[in-house]
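Work out the full structure, taking the sequences as your base and the hints as a guide.
Add 95 to the 1-based position in the sequence shown for the working numbering, that's all there is to it.
Keep in mind that the hints are not guaranteed to be accurate.
In the DSSO-like style, the derived pairs of lysine-lysine whose C-alpha atoms are separated by at most 30 Å in a straight line are [unchecked claim]:
hint, residue 1, residue 2
1, LYS167, LYS129
2, LYS167, LYS251
3, LYS167, LYS180
4, LYS180, LYS261
5, LYS261, LYS251
6, LYS251, LYS129
7, LYS261, LYS213
8, LYS251, LYS137
9, LYS251, LYS213
10, LYS137, LYS213
11, LYS137, LYS167
12, LYS180, LYS137
Hints listed in this document are in silico derivations from the structure and should not be mistaken for laboratory results.
It should be emphasised that the depicted structure is a prediction, and the values quoted were computed from it without experimental measurement.
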Amino acid sequence: MEELFELAVTGILDRGYAVIDGFLNDAEVLTLRKRFLERRAKDAFSPAAIGQGEESQRVAAIRGDLIYWLEKEEAFPAEVAFINKMEDLMDYLNRTCYLGVRECEFHYAVYPPGTFYKRHLDQFQKDDARVLSVVTYLNEEWGTEDGGEIVLYLPKEGDQGEIAQKILPIGGRTVLFESGRLEHEVLPTTRDRMSITGWLRREKIL
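Below, the structure is given as structure tokens:
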């Protein structure tokens, strides 16, 4: 996995984000998708909220995804293996980039047809613990006609506007980006868009 981890390091250092195709192989994607669908069939997912703590609220006009938080102690073996891989990535980033991240948190997320997540920043105003946002896709045979792209808004050099970088949610692909720097959105999808989404976190300073 070190070769894939190095792609994350290079991308983050060079431009603030990285796209790693094949972070999960086909068998891993298939198994996690099965676990995902099993949990959804049991109505384990809940509408996602915006904000933090007592200020959190559900606003369908801003985001329409449903989520299920993954807890290692209650996870299936494939889910534990995924979390272990992310913890290995976290350790590698700490050794090579000195990020100081101490923990990771992940949830399943599904965007049903017609849903989206408007432009936002992942880091809270009163909590800067999130260092890197991480999205790993579990979709099958995804094309541009299916929509659901994540759009990263990248600042141009010299403060000369920005670039909207669209990335398709292809199964096995992982996208990492700086939580407190890059605003992003999820475009409307035409069919269920499945992922494991989360953050690599440090102790908060704010």
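Requested in this report: Enumerate the violated hints, using their earlier numbering and listing them in ascending order.
Outcome: Violated hints: 2, 6, 8; rest satisfied.
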